[in-house]
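Chains as they are written, first to last, in the numbering used here: chain A, 1 to 301; chain B, 1001 to 1617.
Calculated from the structure, these hints are not laboratory results. There could be a bad hint or two in this list.
[Claimed, not checked] If you want the footprint, here are the derived chain A segments under chain B, 3+ residues with CB under 8 Å:
no.: 1; stretch: 25-38
no.: 2; stretch: 136-148
no.: 3; stretch: 200-206
no.: 4; stretch: 265-274
C-beta atoms are modelled at their ideal positions from N, C-alpha and C, and glycine is treated no differently.
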Amino acid sequence: MIEKVDLQIQSVIYGNEKKNLLKTMDALANAIAVERREMGLLGNIYLRYGDATESAILSEDEIEAIKEKYRDYFEFNYIYFGFNSGSARGHNILGENCKSEYMMIMNPDVIVSPRYFIEIMRPFLVDGVGMVEARQTPVEHQKDYDIQTGETGWATTACAVVLTKLFHELDGFDSETFFLYCDDLDFSWRIRLLGYKIIYQPLAPVFHAKTLNMNGSWKPSKAERYYSAEAALLMAYKWSNMSRLEILLRNFKTSNDEFCKKAAIEFEKKRSEGSLPKQIDGEHKIGQFLGNYYSRNRFIL
Amino acid sequence: MKRNVDIINFVEEIVGCISGAGKDTTLYKYLEWLNQLCQKSFPLFRERYLPIIVAEKKKEGKKPFLSVIVRTQGKRPETLRETLLCLEGQSNGDFEIILIGHKLNEEHRKVLNQIIEEQNRTFREKIRYFELDYGTRTTPLNMGFSHARGEYVAVFDDDDLVFDNWVDEFFKASKKKTGTILHAYAFTQKWMMIDTDEGVKAPRATGAPNGELYCTDFDIIRQIWQNCCPLHTLAFPAYMFQEMGIIFDETLTTTEDWDFFMRTAFVAGVTDIKKPTCIYRLWENTETSSVLHDKTEWDKNYYKIQEKFAKSPVLLMGDEIQRAVAEVKKAAFPEQWIYRTPRITSPMLYINRGEGFNPEDVIISHNMTARPLFDIVFDLGDDEEPITEIRFDICEEGTFIARDIMAIVRYKDGQSEVMSMWEGRYNGYPVDNQIVFMTSDPMIIWKCDVKRKISGVRLVGQIHCDFSEQLMKKITAQIEVPDQRKLTLYYRTDKDFSEECSLKVFDDSETLNVIFDLKGRKGINRLRFDPGDAGGIFLNNFKVIILYGNNKKRIIGIKDCDNNGVRVLDGIAFLKSDPQILWDVDTKEEVLEVSVQGKISAVDDHVLKMLLKSKYL
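One chain only, chain A, in its complex shape:
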């Protein structure tokens, strides 16, 4: 008989539409039912939403209705933060007291496939697996993974499951350093520093809406451009790649892109204030910087 394990699913919401949140919950409930019917590994399941919007998305009545509707599938818990926590900090708040063996981190607009839980939990049957990432569709993430083992360099937390003990051991995401980008990359690399593997599970597809340019490239918003530039500097510094940091700073300072320039200024400000993160991986065992990427890619978006 399989020993059941508990799972906490958590998501940080920000201005999401209620009907879309419910659609995501419907898909979760269905995938839980399929898992219980066919596998039976999952025990208690908790769904925790942290609301970082200016005013709460769900009312008390709506929260109660959700609790009632899905009571056979998961225990719903809703926390209104009252401030824009960003992804990393929001997940740290939600995961702080998590006692389940596994923790699932996901974007609130993700729709899991019916067999998602069966497939996402399967790699944990092998020792040494710390985190398993779902396959996003229709735009699959470009990073490479081992076809035989599924092993990969890092996991995006658009939808991934992690051993809760690792989350606690690492004090969660580095929210002091990363606001919107690279928090999952940094988290993944720290899991690997502890000796655990990250597995990509192509059999666990989740629908994640994306918008691409007409030429198929990614279409970042203004905020995304800034936070992406800022995170690139902070990753290079934190993971002790000073030569990359210098190149980035030089390029950003002379760049015509206002967001790159601003990111360089903010970084120098943090450096002069002494508020940069503690540097790790001085021997470069884990951190991988390949041009502007953090792993080998099958293609470039």
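Based on the hints, put chain B in the right spot on chain A.
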């Protein structure tokens, strides 16, 4: 249109009203063809499909906007699961799924039932499942169209991928252009199937989504020659099948979608959605229709379809005629022109309403034809505000030659006005009936009649890069270098450069050697040297020597500076006006003196040739 109406009688009635028109007129032939089209597949339609259509129409309940036909043989369960997941993720849920299992064996039937069973209840209610154990791969499509209860019908194979806007973009377009076939853009993407430890195959993307092939408008002329619209980029109005009796040709074993699409497009017309909504997977290691049928079979079907097209009189609407003309014109250009011509990806039309051009007041469109021609329509929609000028930004980068550009201003009263490029202002050099744009942000500005309301502007013309030696000589001959140059050094102590913080020297020699005294000007953090106001200059052997308060000197070369010119050989060519060179200084020490050295000359045809070489070769 009622299917049972005798169109021939109707045709004769119409033709009879026109004195002198007979059975050989184009009008008569077209209407006669239309009648035959509606009757041609009649026996099969009447016997097999009409009873289903009638039975479906009798059913009660809300009818969805879209019926999505998914045909499967149950051989690709993982991609079918993903296909259904993509449908579940749609932002617009106003659709039904007609899932047709075709020629299933027991094992595949079991898998298919399991897949349906595992869907969530709300979503499962959208699925209507049918099984079919006869016919060709086309038969499930006819069966699906017969059962469709939607206003529109789309076909989605069991390995297709769609974005969340797939249904919604069809929905929005259907409200604007009711009754036409709807066509959205698709990316192609390379995929492969990999074996997993669980004994199940999993899909793996091996290339990036690519918009080159299918992110283009429907072009009836090109489409007659070759199918450029994957089936899941299209939504067909249900009446074409259910009312007019135009059905898929079940004798075709390949390209049945192309045949059906064109026969319906000849009648209904096509509306382009101009947004990517789906991905067409190019499988690298799996069984697809392209490998299941040999080349002879593909060729036979191709010519069978071509024969059908040859017998079809085709109506061409205005913009389709324009595209056909463009294709013919394009064929007259040397091939290298097309290869070297810059792409017009996001052409922009800026609007001046009397207070200058505003980056917020801009319309972005796309080029409807292929290089080296362009044909762009900017739709001003409900815009009622007076317009004093329009500015056409062809593309971002310069270094190309424009010719025969016309701005066709369409007014709301139905009139239009054609203005040539010579009637506008431009920032290029006029040479031999062409305009040569050398700098970034190439533009042409036309004045407009503020009293008339504009509904749209169409821009047509050609651009190419055929820079001949003679042409380059003519360009450099136009470059005027002033007799005396104003050399300015700006010093920045605060946020930005200003005229108050600058030193000016006038000089007329080719050899640049000037010293700027900055003593007593505290807190300098950046310097800017402007070698004149005009463009068209080439700066070589450039060097700056900074003398600091501690008597230390720092020598700065061109590589250490920012500038708004173009690197050519060992120097910088400044083609546009207001040339600038900028560099940082050590803020810990006071800057006492700055010496600027180098050699200034006009951009000649040799420099121009090198500049073009670095860009194109």
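Would you pick out the hints that fail for this structure and give their numbers low to high?
-> As far as the earlier hints go, only 4 is violated by this structure.
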